[in-house]
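Mapped onto my numbering, the consecutive letters of the sequence shown carry residue numbers 1 to 139.
Don't read these hints as lab results, they were simulated from the structure.
Using 25 angstroms as the maximum straight-line C-alpha spacing, the simulated SDA-like pairs for lysine to any residue come out as follows:
#	residue 1	residue 2
1	Lys83	Tyr128
2	Lys17	Glu130
3	Lys70	Ile53
4	Lys34	Ala133
5	Lys83	Met65
6	Lys34	Leu14
7	Lys2	His95
8	Lys103	Leu123
9	Lys34	Leu123
10	Lys70	Cys9
11	Lys136	Leu25
12	Lys103	Ser37
13	Lys103	Glu35
14	Lys34	Val50
15	Lys34	Ala88
16	Lys2	Lys34
17	Lys70	Glu129
18	Lys17	Met1
19	Lys134	Val69
20	Lys17	Lys103
21	Lys70	Asn138
22	Lys2	Leu15
23	Lys134	Asp82
24	Lys134	Ser37
25	Lys70	Ala88
26	Lys34	Gly107
27	Lys103	Cys23
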Amino acid sequence: MKDSNCAYCMRGELLDKFGIFICDLSVSTLILFKEQSKPGRCIVAYKDHVSEIVNISEEERNAFMADVVKASNAIHAAFRPDKVNYGAYGDTGCHLHMHLVPKYNGGDEWGGTFQMNPDKTYLTDAEYEEIIAKIKANL
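Could you put together the complete structure from these sequences and hints?
Shown next, in the form of structure tokens:
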């Protein structure tokens with residue numbers, strides 16, 4: 001099921017406002033978050049428009065979490081963060097998704113909660129492509 005007003009469902013212009021499609025995983029989509037103050041920050045969005053993790057079967061939940069782990073492993077391998085923070089939010093955008101936010105000891109926001117969009121670091125198309133290639137090489 002899809003929602004025509006949802007960026008994760010429809011992709012295209014809605015997604016382009018904040019993210020770049022990387023690839024499909026087993027039951028989700030991997031998206032590069034355009035704001036890259038935390039190098040390698042991504043979003044894993046479930047394939048269907050559901051609001052809560054409790055709204056999918058145990059099998060689908062396990063597959064979704066396996067996709068999160070696969071993406072996290074790729075981020076760790078590509079960018080060597082000291083920690084990846086995981087955020088499952090969606091008060092206003094009710095599509096099951098998880099933010100994977102690499103954190104670096106001594107860096108911006110270390111020891112605190114990451115900002116949803118610090119709106120500080122945007123890259124060139126070539127730089128985005130380089131990050132995506134590093135992630136894909138480690139999936």
